[in-house]
Each structure stands twice: as structure tokens, then as C-alpha cells.
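Residue numbers (UniProt numbering), protein chains in the order written: chain P, 1 to 407; chain H, 1 to 513.
Take the hints with a grain of salt, since some may be wrong.
Derived DSBU-like pairs (lysine-lysine); straight-line CA-CA distance at most 30 Å [to be verified]:
id, chain 1, residue 1, chain 2, residue 2
1, P, Lys219, H, Lys405
2, P, Lys213, H, Lys396
3, H, Lys74, P, Lys297
4, P, Lys289, H, Lys72
5, P, Lys140, H, Lys317
6, P, Lys299, H, Lys318
7, P, Lys233, H, Lys337
8, H, Lys130, P, Lys289
9, H, Lys256, P, Lys403
10, H, Lys405, P, Lys403
11, H, Lys396, P, Lys289
12, H, Lys72, P, Lys403
13, H, Lys337, P, Lys299
14, H, Lys77, P, Lys289
15, P, Lys289, H, Lys318
16, P, Lys289, H, Lys398
17, H, Lys72, P, Lys297
18, H, Lys74, P, Lys299
19, H, Lys372, P, Lys299
20, P, Lys297, H, Lys49
21, P, Lys297, H, Lys77
22, P, Lys299, H, Lys77
23, P, Lys140, H, Lys337
24, P, Lys213, H, Lys398
25, H, Lys372, P, Lys213
26, P, Lys403, H, Lys19
27, P, Lys289, H, Lys351
28, P, Lys218, H, Lys337
29, H, Lys318, P, Lys219
30, P, Lys403, H, Lys77
31, P, Lys403, H, Lys190
32, H, Lys329, P, Lys289
33, H, Lys405, P, Lys297
34, H, Lys19, P, Lys297
35, P, Lys403, H, Lys325
36, P, Lys297, H, Lys351
37, P, Lys299, H, Lys49
Chain H is faced by these chain P residues, among others (derived, beta-carbon under 8 Å) [unchecked claim]:
id, residue
38, Gly156
39, Gly231
40, Arg279
If you are wondering where the hints come from, they were derived from the structure by calculation, not from laboratory data.
Every residue, glycine too, gets a C-beta built ideally from N, C-alpha and C.
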Amino acid sequence: MEAPMQKTVHQPSKRSTKDERLTFKQMIKSNMRSYSMVIALVLIMLLFQLLTGGILLRPLNITNLILQNSYILVLAVGMMLVIITGHIDLSVGSVAAFVGALAGILMVQHHVPVWMTVLICLVLGALIGAWQGFWVAYVKIPAFIVTLAGMLLFRGLTMVILEGQSIAPFPKTFQNISSGFLPDLFNGGSLHLFTLVVGLAISVLFIALEWRKRNGQKKYGFAVSPAPVFGIKMAVIVAVIMIFSYILATYEGIPTILVILAALIIAYSFVANRTVVGRHIYAIGGNEKAAQLSGIKTKRVTFWVFVNMGVLAALSGLIFAARLNAATPKAGNLFELDAIAACFIGGASAYGGVGTIGGAIIGGLVMGVMNNGMSLLGLGIDWQQAIKGLVLLAAVAFDIYNKNKAA
Amino acid sequence: MCAFILEMRGITKQFPGVKALDNVNLKVREGEIHALCGENGAGKSTLMKVLSGVYPYGTYDGEILFKGEVCKFKDIKQSEQLGIVIIHQELALIPYLSIAENIFLGNERAKKGVINWNETFAQTKELLQKVGLDESPHTLVGQLGVGKQQLVEIAKALSKEVKLLILDEPTAALNEDDSENLLNLLLEFKKQGLSAIIISHKLNEIAKVADSITILRDGKTIETLDMKRDEVTEDRIIRGMVGRDLTNRYPTRTPKIGEVIFEVKNWTVHHPVYPERKVIDNVHLSIRRGEIVGIAGLMGAGRTELAMSIFGRSYGKKISGEIWKNGAKIDVSDVSKAIANGIAYVTEDRKGNGLILMEDIRKNITLSRLGKISNHFVVDENKEIIESERFRNQFKIKTPSVFQKAEALSGGNQQKVVLSKWIFAEPDILILDEPTRGIDVGAKYEIYTIIHQLANAGKGILMISSELPEILGMCDRIYVMSEGRITGEVVREEATQEKLMRLMTKTAIREGV
């Protein structure tokens, strides 16, 4: 009777050293997906850099890439949360068009100030989100159907209020949302010095935050990555930030829209990873019944996820209208599918509960770089669509293959 | 000596990092019922998956002989062709199809792809007679209870001309009557020459039906016992399974019972879909500080419904009645209010309702009370790791780290995570619904110990269980339910299985007369 008892006492201590290595291995394994997408993005960029003879990474084109994809990325951030809760939103493209149309009517026809228009439009987005969230969360109609209805409804309403016409042009201040740049406070001449300073500041801030996190973990006695690994990781990230800011600095500097995007990404990543609400969103997607029995107000959280999607769809509509400098009935066409594709390429699960904001951004960039690269190569829109479809399928197939291998 | 219908020799199955089976031998005689015992994680299910071809030939070492011939199954289809049919613990029937459609699913009575429905229904009728199920072949499976569904599974196996039937925990979800019925059916088939392997945690059932027992522990064959020749007692089997004597299956405890802390008064609940039906009828009950109160009852007596309706009205409609705690009426109109008032409900369905399987253990543990480790709605992950590590050590949850996903754990360890989750919420009243369902003897003992610790810490425990010995072994006081009503209240000293069983069937008998 003694022997087996002793064995169980000994095991934990003997195992603990192995544990840390195990968790490290597991960390790599569980992050495989996000790493592999980053690697895929880098490879795609290198491929097009070669094929286009170096045009892709030119400062002008990089800036263009950001401007071109901003409205999809904004949608992808909201869509990721919707998909994590186990739903889908097909209406975002139509909502973006509707909001853009309203902005046009308010500013161009009724001369409402820009700030007030933006405010009204975002509130309208929230109301639309609340409308759809109500049917999904409280009446329990599948989101696919509610938002399919919304897609038709808001596309129709867009055409009704625009009477089939486009409205243009917008005031300059409004256009600046998507085509403005931060001014150079330091007058760096041909090189946009302010951009470099911002890049440097971000690098320092990033290292400081990572350092604090590492020290916190040390304080609690958790295993941290060895100092050289940490150092290399920091060096690589700082190098990427600095090269990126240098590229921007040699053109016009930091686009206004990049600041908005960065703020959204940081805020939403924080909400998803670190807050109670974020945990609740993942829990609902993972197992709604268990979440409910854990005291989570599943209906209310789902409702607010849709409200949030509505606001972001409105923002996306504004950005697009500002970029196009017109409100048109056809705006936002197929945006929903680009945003959904970005989420699934970025590692979301169609069954809910899995996905990251960072993944959505990476997925969106993969799509964006491919769009841009193929356009530079002079590939027709027909082939672009076909290839994008295959890439979406390949990314998800790769995901499933990895999961099956792990099981 | 009878010939062996099945011989598995030196089976070794390796998963990355673990040896699930290590040189396992299993011999089953023609026409016997062979029980396979072992704790969860001992390798029983893996062995059966090797046998049925879920793990194809080549992914394991060793050989399988069926009726003296070496078999190299590539998939389940091949093993089924030889008459090896496995019925899994989780039933694999499609609720929206009829009994007949389910039985012949994948094995349709068809010519050139066109189904002959007359033949299908005629054969189904025959099969249903064989298993003693008095239902129309047209009945949808979803309308049947679990017990009857189990019989449909067996009929399905028979339709495949089964020679060796493998049953994985066939009675885990069944009540006593249905279990009895099923076991008798097995004995009946044995007389007709069918061989069977049965995996079960219920040792009394094994003692009833098995001819021989093979015990696995940690992926190794420990011994094979002959029920007739060897003197096999339940304790003997347990010793083989856990490698040590379990002299007492329930830990001892001296109850320190205080004042009444929790009361349910005039509690009535109606069915969520058929609101005219009363599921819980005017129930009164009370729990005192440090007391373990049991609820006994047959399946369908309304025990889970009672518990869930109390826990934030998670079940039912038109609920009336009052909940009192520490002498004051409390509001439990939704789950978060129930939790805030110090009530916890540990579900009977840990995978469906208890855990988020795809999430880390630590996130599961903290979910019901994230506020405790948060600062202005921001989760402190370092604190979370420390808190969940504490539970991992205290309850000996077998896992390399709290970053492990809940789905990777065995049943007993998953149950410990669910318990940790609710203990983390710091409740005063814990409602435990079948806290040891489907977990092995060793883990059960650990769970019992945890329950005792909770009671000793002054919490009130309400424990629902379908296993009468467990109710008798654990509870200070027992309420018996039947058809939504409390039919009796028995204190520990006066409780016997017979007495409880009489109360559990009380209404049914009265109506039967």
C-alpha cells in the first residue's frame, strides 16, 4: 500500500521541470496558426515584391495599401467579435453604403458640419446594430437570416434615399479622414522626421511594456523565455517598426487613417484578451449553455457585439465615402465577404469561440496585399476573384489539417 | 475449454508523449460476456478503438486474432463485416430519423440505391421484438428516452449480424429499471451464443453479467479473473483497478451541522415547452450549515429540473415559490443573481453545460466569477494563473499545466475542473448534480473528499445522485423525489436502499393500482 502512494507524491516534483518545456512547446504549437499566417503574409509580400519588380514595397504603394484596405480592416475587427460569438454579419457592406449615403445627404445637401455628421452616422450605425442584435440575441433568429435580411433592407434603403444618384463632392475636412496625413512637426524636409520620431517612440513604449510584462511574470515565479530569445524578439519587432516608419517617412508620413486603425486594433485586442467582457464573448462562442450557467448574460453580450458591429460598419462606410469622395448606391458591395474572409484566413473558427483581432488584421492584409499585388501585375478582376477564393479555401483547409494532426 | 473468439496479443499503442497501451493482452471466449475494467484513462476505450479499426492496422503494435484468424482492419467497416460491433457511450443515433432509418443507416436495405422500405420496416419489427422494444419502427428516435435509445442501438448492432458486441458504459445514462432490463437482455443473447465485451464502472452490474473480467491499469493488463473459479468480490476488482485496497469507498466524516441556511418553499415549476404540465409540484426543502443533503429519485423524477430552476430559473416556465437564505428571502431570478447570492450549481452534463472544452483550464475555472481576479473589468492573468494552479495542486488535477485545454482531460479531471470553477465562485450553497457520473472509483473517492471538505467548511451541499449507495454513503439527510414531488425525507440513520426505492416509486405505484 505504501509504494503506489509514494509514487504519486514523487511525480509532481519530477514532472515540474518537464512541464515548463512542455508548455513552451505547447505555446509554440497553439500559436502555430498565428505564426504561420504572419509567415504566409511575409512570403506573399516577398513574392509580389519580386514579381512587380520592387513596386509593392515602395513608399507610395505601402501608403496606398493602408488607405485601400482600411475600411475592410475596420469591418474585420468587428466581424471577428461577431464570429467569435458564433454568429455572422452579412449586412455590413449594405450598412456601410447606407451610412455613406446619409453622410452625403447631410453634408452635401443639408450642409451639416462634418463632426456632427460623423456623430449622427455612428449613432445610426449603433441603432442598426441594435436592430439586428435584437432579432439575433433576444428573438433567437439565426444571424445568417437576420443579416441577410439586413443586407437587402439597407441596400434597398440606400438606393431609396440616394434616388439612384451619387452625391459628391464632400468637404475637404471630411475627405481628410481617409486621405489626410499627420503634419510634420519637425520640418524634416524630404524626410518626414515626425514619422521617424513616432516610430521611435512606439518602439520604446513597446519594449517598456514587454519588459514590464516579463518582470511581472518573473515576480510571480512563472517561466519566461530566456533573455537572448527575448532580446532577439524585441530587436526584430523594433526593426520592423523602424523600417515601416522609414518607408512612410520617405513619402508623406503617417496617414490619419493609420492612426484610427492602430487605435482600433489596440483597443479591441485589449478588450478581447484582457477584459471581463472579452472573456464573456469567447465563452459564449465556446459553449453558450455553459456560459449562461456561469452567470454570463449571453443575450446582452450578443446584443452589444452586434451594436458594436453596427458602429464599425458605419465608420467603415464613412471612411469609404471619404476615400471615394462620393456617396454611391453601389458602395460597400461585397465588403461583408472580404471582412468574413479576412477573419477565416486569420484563424477564426466557423463554430465560434476561436479567433483573435490580430488574426483578422493579418487575414485582411493577406487579402489586401494580394489584391494590390495582382492589380500591379495587371491581372484582371476576374482572375483576382478566383485566386482569392482559392486562398481562402487553402487557408482554412490548412487550419483543419493542423487541428486533425494535433488530435 | 471453449475456443477464444477474440485474442488480442501484445497490443501497444503510442500517442505523442504517452504510451496509452503497453503490451496489452485480451482473450474473449466464444459465447461469454467479458468485462473490461479499469479507471478512466486506463486504456479501455483505446483498446476497443484498436479492436474496431478506429486506429487502423499499422498505427499500433501487436496482433488481433478473431476466430483464430489474424485481422488487419483498415477501418470500422472492415471490423463490422466480421461481426465486431461497438456501441459507444455517447449514443450515435440521429434524433430526427425514425427507428427503422437509424437501424439501417449506412446499411440500407436497397437495390441499386433505391431503398426497399417494406423490407426495412419488416426487418426492424423483427429486431425490435428481439430486443423487447415495443415501439413502431416509424417512431422518431428523438421521442424515445435514453433507455429505449440504447435498445435501438443494440437492435442496430444485431442488424449487422454481430458476433462480438462491445458495449462502452451501456448503463451510464440509464436508471435502475432500464439498466436491469438491458443486462437481462445481454444474458438472453448470451444464451443464444453471442459474445460480448462490456466496459462498465458499475461493479455490481459486472458481478451480475460477466463470466470473466480483464482489468487494465495505466495501459497494462493487470489480470484476467474467472468469475466462476476465482473468488471475485467488488473489493477484489477495485484493488486490481487502483492497485491498492479501498477499504472504505466513502471517506469518513463527523458532520458538524449548524442552523438552517437555505430553504425552498412552495416551489412549483412548469414545463418550458408544455406550460400546462407541472414538472415540479410544490416542493419544500431546507439545508443546514455543514450538511450534505441528498436528493434521490428515478430518472424523470424532476431532480435536475428542480436544481436548475432554483439556480437562476435556468429551467422551466411559470415558476412560483420562494427561496430563503439565512432567514431572508433572496432573488434568484437569473443566474448571475443566484451566483451573487452564493448559490452554485455543478451540472450533471459537464461537457455540454459545464465546461468550455476548447478553452484553457484556467479560463474555465475563473469564468463564473471573473470579478474576483479583475481590476476595473481588466483581468489580471497572473493572478488567474496562481488561483487556478492552486486548484490544480489542491485537487490533484492531472494535467501538465493550467494552459491545457479542458477537452484534453479525462472525465474525472474535467469534473475536478468544474468543481474548482464553482468553489472559486465562493458559494454558500452548492448543488451537485450527479457529481461522480462516468468517472472511475479512484477519482470518485477524491471528489467525495472534496465534498466533505466543503461541508466541513460550513457550506450547505445539495447532492443529486442516481446511485443509491452513493446517496447512502455521503448524505446526512435525504429527500426522495418522484414525479416532481418530494415523497419522503429520510435521515441517515434510518436510510436503506429498500426504503428509498419504495419512496422513489411511490406515486407510480399509487397510480398503477
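Within a Cα-Cα threshold of 30 Å, do lysine 372 of chain H and lysine 299 of chain P meet the stated pairing?
-> Cα-Cα ~23 Å, so holds.
Compare the distance between the alpha carbons of lysine 219 of chain P and lysine 405 of chain H with 30 Å, and conclude whether the hinted pair is satisfied.
-> 25 Å, holds
If you draw a straight line from the CA of lysine 74 of chain H to the CA of lysine 297 of chain P, is it 30 Å or shorter?
-> Measuring from Cα to Cα gives roughly 47 Å; hence the hint is violated.
Between lysine 77 of chain H and lysine 289 of chain P, does the CA-CA distance stay at or below 30 Å?
-> This hinted pair is violated, its Cα atoms lying about 35 Å apart.
For the pair supplied as a hint, lysine 289 of chain P and lysine 398 of chain H, confirm whether the alpha-carbon distance does not exceed 30 Å.
-> 26 Å, holds
Take a quick look at whether lysine 403 of chain P and lysine 325 of chain H sit within 30 Å of each other, Cα to Cα.
-> Given pair lysine 403 of chain P, lysine 325 of chain H is violated - Cα atoms ~48 Å apart, limit 30 Å.
Are the Cα positions of lysine 233 of chain P and lysine 337 of chain H separated by 30 Å at most?
-> 46 Å, violated
Do the alpha carbons of lysine 299 of chain P and lysine 49 of chain H lie within 30 Å of each other, as the hint requires?
-> Answer violated: lysine 299 of chain P to lysine 49 of chain H is near 41 Å, above 30 Å.
Given the hint that lysine 403 of chain P pairs with lysine 190 of chain H, does the C-alpha gap stay at or below 30 Å?
-> Violated. Lysine 403 of chain P to lysine 190 of chain H sits at ~42 Å, over the 30 Å cutoff.
Under the criterion that the straight-line Cα-Cα distance not exceed 30 Å, is the pair lysine 289 of chain P, lysine 351 of chain H satisfied?
-> 10 Å, holds
Given hint lysine 297 of chain P paired with lysine 19 of chain H - CA-CA distance at most 30 Å = 43 Å, violated
Does lysine 77 of chain H lie within 30 Å of lysine 299 of chain P when you go C-alpha to C-alpha?
-> Answer violated: lysine 299 of chain P to lysine 77 of chain H is near 44 Å, above 30 Å.
Of the numbered hints listed earlier, those contradicted by the structure are 3, 4, 7, 8, 9, 14, 17, 18, 20, 21, 22, 28, 29, 31, 34, 35, 37, 38 and 39.
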